[in-house]
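Whenever a hint applies, use it, and build me the whole structure from the sequences.
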Amino acid sequence: MEYRKFDNIIIARIDKGEEILEQLKAIAITENIKLASINALGAINDFTVGVYKTDEKKYYSNSFKGYYEITSLTGTINTMDGEYYAHLHLSAGNEKGEVFGGHLNRAVVSATCELVITVIDGKVDRVYDEETGLNVFNF
Numbered sequence: 001m002e003y004r005k006f007d008n009i010i011i012a013r014i015d016k017g018e019e020i021l022e023q024l025k026a027i028a029i030t031e032n033i034k035l036a037s038i039n040a041l042g043a044i045n046d047f048t049v050g051v052y053k054t055d056e057k058k059y060y061s062n063s064f065k066g067y068y069e070i071t072s073l074t075g076t077i078n079t080m081d082g083e084y085y086a087h088l089h090l091s092a093g094n095e096k097g098e099v100f101g102g103h104l105n106r107a108v109v110s111a112t113c114e115l116v117i118t119v120i121d122g123k124v125d126r127v128y129d130e131e132t133g134l135n136v137f138n139f
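Numbering (UniProt numbering) for the sequence shown: 1 to 139.
Calculated directly from the structure, the hints in this document are not laboratory data.
Every residue, glycine too, gets a C-beta built ideally from N, C-alpha and C.
The reader is advised that the hints may include incorrect statements.
Unchecked claim - What follows is a list of derived Cβ distance ranges for each label pair:
| id | residue 1 | residue 2 | range |
| --- | --- | --- | --- |
| 1 | Ile-29 | Gly-122 | 15 to 25 Å |
| 2 | Thr-76 | Glu-130 | 19 to 29 Å |
| 3 | Ile-29 | Asn-135 | 15 to 25 Å |
In structure tokens form, the structure reads like this:
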């Protein structure tokens, strides 16, 4: 992985075999990012995404292997109890044009991933919400 910073924008290249969430966390910690917006595209061959069932307050995961193009990867970096926290969603399409997605748990790059981090001057922490069972923004 390599990246370059331009004012409040970080442009990163995540390389073949690297896991996207691990590399994002490394950048965020190195650059001391407390709040940011994430967008990316690229190619992956091993990923896991989840769907949250609100009535059960539980995530269900689906894993995929093969040739996939990231059609959308978006989310946020912020903090929970003052520590790094990321929340990302991913959609990826296969050679048939079928798209699968959800809450990103893991994604391994098969060729490259072009990541754009827009750092926001501020801080938003998260707090556990009893009603939904989720970690939500706490303003």
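Now the hints, each set against the structure:
| no. | hint | verdict |
| --- | --- | --- |
| 1 | Ile-29 - Gly-122: 15 to 25 Å | holds, 18 Å |
| 2 | Thr-76 - Glu-130: 19 to 29 Å | holds, 22 Å |
| 3 | Ile-29 - Asn-135: 15 to 25 Å | holds, 19 Å |
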